[in-house]
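Number of protein chains: 2
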Amino acid sequence: MAASVTVENLNPKVLKCEYAVRGEIVIHAQRLQQQLQTQPGSLPFDEILYCNIGNPQSLGQQPVTFFREVLALCDYPCLLEKEETKSLFSADAISRAKQILATIPGRATGAYSHSQGIKGLRDAIAAGIMSRDGFPANADDIFITDGASPGVHMMMQLLIRNEKDGILCPIPQYPLYSASIALHGGALVPYYLNEKTGWGLEISDLKMQLENARSKGIDVRALVVINPGNPTGQVLAEDNQYDIVKFCKNEGLVLLADEVYQENIYVDNKKFNSFKKIVRSMGYGEDDLPLVSLQSVSKGYYGECGKRGGYMEITGFSTPVREQIYKIASVNLCSNITGQILASLVMNPPKVGDESYASYKAEKDGILESLARRAKALEDAFNKLEGFSCNKAEGAMYLFPQIHLPQKAIEAAKAAKKAPDAFYALRLLESTGIVVVPGSGFRQVPGTWHIRCTILPQEDKIPAVISRFRAFHEAFLAEYRD
Amino acid sequence: MAASVTVENLNPKVLKCEYAVRGEIVIHAQRLQQQLQTQPGSLPFDEILYCNIGNPQSLGQQPVTFFREVLALCDYPCLLEKEETKSLFSADAISRAKQILATIPGRATGAYSHSQGIKGLRDAIAAGIMSRDGFPANADDIFITDGASPGVHMMMQLLIRNEKDGILCPIPQYPLYSASIALHGGALVPYYLNEKTGWGLEISDLKMQLENARSKGIDVRALVVINPGNPTGQVLAEDNQYDIVKFCKNEGLVLLADEVYQENIYVDNKKFNSFKKIVRSMGYGEDDLPLVSLQSVSKGYYGECGKRGGYMEITGFSTPVREQIYKIASVNLCSNITGQILASLVMNPPKVGDESYASYKAEKDGILESLARRAKALEDAFNKLEGFSCNKAEGAMYLFPQIHLPQKAIEAAKAAKKAPDAFYALRLLESTGIVVVPGSGFRQVPGTWHIRCTILPQEDKIPAVISRFRAFHEAFLAEYRD
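Those protein sequence lines, which keep their order, are chains S and X.
Once you know that position 170 of the first sequence is 180 in the working numbering, the rest is easy, because the numbers rise by one and skip nothing.
Once you know that position 243 of the second sequence is 253 in the working numbering, the rest is easy, because the numbers rise by one and skip nothing.
It should be emphasised that the hints constitute simulated quantities derived from the structure, not laboratory data.
We treat Cβ as the ideally placed atom computed from N, Cα and C, and that holds for glycine.
Possibly wrong hints are sitting among the right ones.
[Said to hold, decoys possible] Between beta-carbon pairs, the in silico distance windows are:
1. Pro54/X / Gly262/S: 45 to 51 Å
2. Lys26/X / Ala112/S: 36 to 42 Å
3. Gly144/X / Lys92/S: 55 to 61 Å
4. Gly262/S / Arg480/X: 54 to 60 Å
5. Pro473/S / Thr113/X: 27 to 33 Å
6. Ala481/X / Thr329/S: 32 to 38 Å
[Unchecked claim] These stretches of chain S come out as covered by chain X in the derived footprint (C-beta under 8 Å, 3 or more residues):
7. 188-195
8. 339-348
9. 415-424
Make a model of the complete structure from these sequences and hints.
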């Protein structure tokens with residue numbers, strides 16, 4: 011008789027995979043949240059504040075009205091034939107829903123679509139990319155996906171043959187990358203962002219890490235760049251992007267550009283440039299550089315995480331390789347149609363002159379301006395804490411402060427068999443209900459300790475978050491000061 | 011400089027993977043459809059009829075009204091505060107939407123949920139399973155997924171370590187299984203359904219194939235059973251299910267029960283029994299048998315393929331193994347919330363006394379009765395074609411007739427470098443616009459040839475489908491008769 015399933019005989023790639031943003035601390039937080047429900051008053055706080063993940067609507071951000079109007083009309087199209095609908099929905103939401111339904115064969119929002127997504131929606135996305143970049147985009151290059159993550163998995167699945175295939179990833183990195191590389195059995199080749207220069211990406215370090223990996227027999231296949239950065243919040247300068255593209259072209263690497271925070275920029279002196287735009291500005295075309303650009307409806311001002319919409323735009327791959335990507339996509343049939351529709355809407359929102367434009371613009375600006383203020387308030391607060399140093403969040407949804415922990419705290423963590431920043435984050439959770447992710451979940455320069463904290467608590471809660479955090483930190487230092 | 015990406019240096023597991031239901035013939039059909047648009051009248055037919063995949067709404071099946079009402083209200087909850095809504099939506103859809111929103115933290119349908127899905131929706135699904143089976147079900151055992159496919163991939167990822175790990179699959183099988191096993195680098199261990207006994211599953215064959223695989227050093231980890239069958243349409247008898255469960259228990263196999271067609275039964279003498287019910291009826295509990303049951307919103311009378319909703323119910327796995335399954339689920343954060351809501355609705359539809367019950371019941375019965383008539387009409391038509399023999403579709407959405415092809419046709423296929431049934435299907439497409447999948451895409455007893463044809467064309471089109479098919483077949487035989 012065969013042994014049944016035990017943790018010892020599972021796929022070791024699964025065992026090796028880690029995903030800190032939903033890891034041990036978050037599972038512990040969910041337990042505490044249940045405890046708050048069943049035994050109110052039993053903990054030193056009365057709510058759990060999830061700052062572990064970029065999930066704006068879970069913390070009270072409201073969806074953009076226009077997007078939801080269109081989704082509701084597409085879900086239940088017979089509303090479009092009713093007189094009352096005109097008083098319940100904006101005129102441009104009604105016309106947009108009609109236009110979208112007209113592009114769906116049989117108006118069937120409940121049918122599997124083409125494996126890359128509905129052609130008419132990919133046309134709208136391509137038009138949005140063209141209007142963003144000023145260079146042509148093609149619906150045939152778009153794969154609409156359930157959020158951005160499936161695009162990452164697809165590319166890892168395509169490129170990684172065995173543990174000798176490497177992917178260059180920034181450290182610190184969003185752990186989807188380390189998790190996906192582990193699940194596909196490849197090697198994560200780290201390059202280090204320079205905390206001292208605001209998490210700068212240095213080509214010299216990239217080159218050194220690449221050569222180091224190659225000297226160990228690793229076939230480095232792709233470079234991951236997250237811009238704006240996660241967990242680090244920096245926005246790449248245009249010059250730096252040119253150098254990155256040249257590096258990838260010279261070294262024969264796929265450039266995997268995670269651009270899901272493209273709408274989240276909070277400083278005046280930086281602006282988002284897609285790598286597609288940079289590549290085309292340099293005069294490079296289809297034959298020069300394989301490029302994958304990822305976008306998601308979960309981030310930006312839209313924050314529609316639960317809808318699981320996103321896309322990848324792939325350029326610079328040969329037809330036989332594209333056929334393989336299509337095949338992988340087709341095994342899962344298609345992404346969800348609601349997410350597909352939303353992906354087309356975020357790339358083609360209301361325009362000046364549309365009935366919804368003013369309210370849409372007010373909602374968008376309100377969210378982004380508030381996020382900028384929250385980022386600044388938290389950054390300032392962190393920099394006032396003893397032993398904290400925090401770079402500016404130029405973009406994305408996170409701060410990633412470094413914490414200089416006292417030796418005594420490091421010893422206590424060691425005794426508790428935790429990384430020091432995980433120990434700190436756990437104590438923070440148990441004292442305040444604030445959930446952050448330890449830097450060790452993203453990897454970091456050895457011997458440094460960080461936490462990632464989202465900027466997403468609603469603005470009126472920020473002062474309380476800061477004072478709870480400060481009180482905890484002071485008590486922690488008082489307990490462990492060397 | 012490294013070589014860039016070519017089809018030669020991709021992951022060989024990707025290259026090996028095949029997925030016939032969206033394969034070469036379907037891609038060719040999409041090309042012909044474009045040709046019909048750009049050059050009307052240039053082909054011997056005026057529409058493409060996709061009978062390749064169980065995608066009911068693409069062929070005109072309408073969604074169930076109640077489900078869509080609830081989805082629209084959950085997408086745009088401020089409708090619930092408007093007076094006009096009462097005249098546009100049924101009272102029970104309004105109260106159900108309110109009830110669902112109340113179970114979602116912050117009523118946020120745009121937030122990532124718990125990685126297994128929203129707890130309140132899993133409670134509804136568990137209640138639906140309990141009412142179906144008469145045995146308890148637990149929300150903690152439910153993983154809500156984007157359709158059923160991600161559940162299959164997750165289990166393959168968990169169980170397959172290398173090419174020496176085997177999964178017993180029925181032949182013919184739904185090619186998601188062969189594709190997923192190939193992508194994860196395992197071995198498909200075939201067992202043959204007996205066409206002569208209406209695609210019967212024989213334990214003696216299972217046992218022989220298992221022993222044969224073990225003698226080759228394969229560690230067989232799981233048994234896949236698709237009930238009702240895809241592509242074969244049979245419904246397992248209860249006694250047979252008991253034997254299958256005993257076999258899995260004795261041999262230490264995970265039982266992976268694909269039960270996505272549980273609502274699609276077209277004969278009076280058969281009834282669907284979930285394997286969960288069978289296992290519990292036998293007195294087996296958590297410690298006896300690891301069981302995974304898959305369900306989807308894409309099939310049944312609902313046919314909501316584009317919504318990508320589904321779930322797997324896992325029982326009989328140890329806590330450490332469950333933690334690994336949770337971890338894999340968490341790397342993708344969560345499935346789409348619209349699909350999650352719909353999964354809860356199909357497992358908990360309107361009940362007697364609800365305002366929508368009569369219309370819901372009429373829609374459901376109308377769809378299922380029509381499917382039964384269509385299955386019978388196509389089965390009869392196939393059995394009248396020279397050289398065809400077709401088993402009854404007791405359930406699911408497919409017929410899988412065997413075609414005895416003349417030797418001359420087999421030679422012509424060989425000359426065209428096609429499997430004979432692929433050659434036949436391609437000729438059928440080019441002559442009639444009807445898209446079916448060759449049996450070779452599902453695997454079959456060597457030397458036999460089949461096609462899979464869905465029963466999904468709308469009922470008023472069935473006579474035309476049959477006459478087009480018959481005319482083609484007669485002409486094909488006239489051309490190739492030995």
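- Run the structure past the numbered hints and jot down the numbers of the failing ones, going up. 3, 9
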